[in-house]
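Top line first, the protein sequences correspond to chains U and D.
Anchor point for the first sequence: position 16 equals 16 in my numbering, and the numbering is continuous, going up by one each time.
Anchor point for the second sequence: position 73 equals 73 in my numbering, and the numbering is continuous, going up by one each time.
Certain hints may be false.
[To be verified] Here are the simulated SDA-like cross-link-like pairs (lysine to any residue), alpha carbons at most 20 Å apart as the crow flies:
#	chain 1	residue 1	chain 2	residue 2
1	U	K61	D	H15
2	U	K65	D	H71
3	U	K70	D	P75
4	D	K114	U	D151
5	U	K166	D	H98
6	U	K166	D	M99
7	D	K115	U	D151
8	U	K65	D	T70
9	U	K61	D	D18
10	U	K70	D	T77
11	D	K33	D	E4
12	D	K235	D	K245
13	U	K166	D	P97
14	U	K166	U	R236
15	U	K34	U	K181
16	U	K65	D	P75
17	D	K235	D	E224
18	U	K9	U	W22
19	U	K65	D	H15
20	D	K114	D	L127
21	U	K61	D	N80
22	U	K166	D	S142
23	U	K61	D	N78
24	U	K70	D	E58
25	U	K70	D	R59
26	U	K34	U	A45
27	U	K65	D	I66
28	U	K61	U	F142
No wet-lab data here; the hints were simulated from the structure.
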Amino acid sequence: MAESFARLKESFIFNFIEGARWKYITNGLWVTLKVTFFALLLGVAIGVVVAMIRSAYDQMKDEMKPGFGKTMLTVLNTIARLYLTVIRGTPVVVQLLIGYFVIFVSTTNTVFVASMVFGINSGAYITEIIRGGIMSIDHGQFEAGRSLGFDYFQTMRFIVIPQAFKNVLPALANEFIALLKETAVCGYIGLMDLTKGGDVIRGRTFSAFMPLIVVAAIYLGLVIFFSWLVGKLERRLRSNER
Amino acid sequence: MSAEPIISVKNLEKHFNDGAVHALNGVNVDIAKSEVLVVIGPSGSGKSTFLRCLNLLERPTGGTVIFEGTHLTAPRTNINVYRRRMGMVFQHFNLFPHMTVLRNLTLGPTELLKKSQEDANKKAMQLLERVGLADRADAYPSQLSGGQKQRIAIVRALCMEPDVMLFDEPTSALDPEMVGEVLDVMKELANEGMTMVVVTHEMGFAREVADRVLFMDEGIVVEEGAPEDIFEHPKSERLQSFLSKVL
Chain U
1 MAESFARLKE SFIFNFIEGA RWKYITNGLW VTLKVTFFAL LLGVAIGVVV
51 AMIRSAYDQM KDEMKPGFGK TMLTVLNTIA RLYLTVIRGT PVVVQLLIGY
101 FVIFVSTTNT VFVASMVFGI NSGAYITEII RGGIMSIDHG QFEAGRSLGF
151 DYFQTMRFIV IPQAFKNVLP ALANEFIALL KETAVCGYIG LMDLTKGGDV
201 IRGRTFSAFM PLIVVAAIYL GLVIFFSWLV GKLERRLRSN ER
Chain D
1 MSAEPIISVK NLEKHFNDGA VHALNGVNVD IAKSEVLVVI GPSGSGKSTF
51 LRCLNLLERP TGGTVIFEGT HLTAPRTNIN VYRRRMGMVF QHFNLFPHMT
101 VLRNLTLGPT ELLKKSQEDA NKKAMQLLER VGLADRADAY PSQLSGGQKQ
151 RIAIVRALCM EPDVMLFDEP TSALDPEMVG EVLDVMKELA NEGMTMVVVT
201 HEMGFAREVA DRVLFMDEGI VVEEGAPEDI FEHPKSERLQ SFLSKVL
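Let the hints inform the model, and build the full structure from the sequences given.
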């Protein structure tokens, strides 16, 4: 027992302390967090907008008079559906490679490229989550807003979205956790994220166990921490409805 | 009626499902300022649809609605502007559950009428005082009883300072012991000269408060008149049979 512990300690020192190799882990972690954060911001922004377009079209196509507004909405809805189909129908690694080698060829800022790609990707899933949330709100809420004189988007902004957001928070948290782990494929475009950092250490030290287990443990720790945080937020948001 | 009607409805039609269901089949009504019009009728008679067509929550498939001289049904009318002057109270209250009572009342005035939060609060508190709910200003809707919710919903509509109040079965979702408190508020409102259109099953209220009663069935106005005429001397057979069931 004591012997295997000593061996672990030795391996830890060899893998992380010697040559200051722990920097691969900390720098990688920072990159992972940055990409996840920006991707989430972009994803939520895209998700709210596209979900509003999709539900506006579904709810208003019958009541709208033909004209510029209706044509615009129909075009936007078609684009939104195309976006959802393409993004959800192709692997994120392929999207990442296309983003790096085809779309954003002129930039060397891989954090930016990864944030964009994961943001756009996650936006598609968040759209459907938020759209589900919007549909879960009683139609009477909508009518109450409209009857006061709010237009469609004001009603969404003040009345429907805040309630929908509360309902979808667990699903959003789920998406965030999935996103955090999905960014592990960033290495495909040469980005030194947490996973790649661990892998680089493995390549240097020829020992796989210690770096990879530590990387896994860090992901797990992050997920547990964020789940706890979301749970707290959820309870706070709910507290005023009792 | 001498003065210009505040709402004028002509040949109002509403068909659902591409004409398969005819909810309204040509309704003509003029509503005078300060008039209390009560609409009664069996369920499915189109009375709620009629009411919801007045502020275009339900878009009529034919006919016109003229409100204070404006054709609401005209294609270029921005309905949002006119809805501010037409308060609506729903059967299921539809208070915003994520806001306090005070915020429910001031959201419209601050965001739409561009009042300062302070002015809006003052007005809201005055009205809350009058319905006896000033102490619930900071409560959330889920902490209120049904009767309280509906009184708050009425106040929410009043905070927009409307010219007309539309009531869509305001007491139908309430426990019997709470009906009175809501009707009292409505009576008071009527006495103050508010123009009101009320769809209801409360025949007592219709008899006591209405200036005019409209009896609807199968999407048309079958009979209309002063409450005493409608309730004491119903002419049509359909009204007689309806009254025999509900009274």
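Quiz item: Are the Cα positions of K61 (chain U) and N80 (chain D) separated by 20 Å at most?
Solution: 18 Å, holds
Quiz item: Keeping to a limit of 20 Å between CA atoms, is the pair of K34 (chain U) and K181 (chain U) held or broken?
Solution: 13 Å, holds
Quiz item: Would the pair K70 (chain U) and E58 (chain D) pass a check requiring their Cα atoms to be no farther apart than 20 Å?
Solution: The hint holds at about 18 Å.
Quiz prompt | Pair hint outcome, K65 (chain U) versus H71 (chain D) [Cα-Cα no greater than 20 Å] | solution = OK: K65 (chain U) and H71 (chain D) at ~15 Å, within 20 Å.
Exercise. Verify the proposed pairing of K65 (chain U) with I66 (chain D), using a straight-line Cα cut of 20 Å.
Key: Holds - the C-alpha atoms of I66 (chain D) and K65 (chain U) are around 19 Å apart, at most 20 Å.
Quiz item: Within a Cα-Cα threshold of 20 Å, do K65 (chain U) and T70 (chain D) meet the stated pairing?
Solution: 18 Å, holds
Quiz item: If you draw a straight line from the CA of K115 (chain D) to the CA of D151 (chain U), is it 20 Å or shorter?
Solution: Holds, at about 18 Å.
Quiz prompt | Given hint H98 (chain D) paired with K166 (chain U) - CA-CA distance at most 20 Å | solution = It holds: about 9 Å lies between the C-alpha atoms, which stays within 20 Å.
Quiz item: Is it true that the CA of K61 (chain U) sits at most 20 Å from the CA of D18 (chain D)?
Solution: 15 Å, holds
Quiz item: Do the alpha carbons of K235 (chain D) and E224 (chain D) lie within 20 Å of each other, as the hint requires?
Solution: 10 Å, holds
Self-check item: Pairwise hint evaluation, F142 (chain U) against K61 (chain U), where the allowed Cα distance is 20 Å at most
Solution: 16 Å, holds
Quiz item: Does H15 (chain D) lie within 20 Å of K61 (chain U) when you go C-alpha to C-alpha?
Solution: Distance ~17 Å between K61 (chain U) and H15 (chain D) Cα, so the pair holds.
This entry satisfies every hint, going by the numbered hints stated previously.
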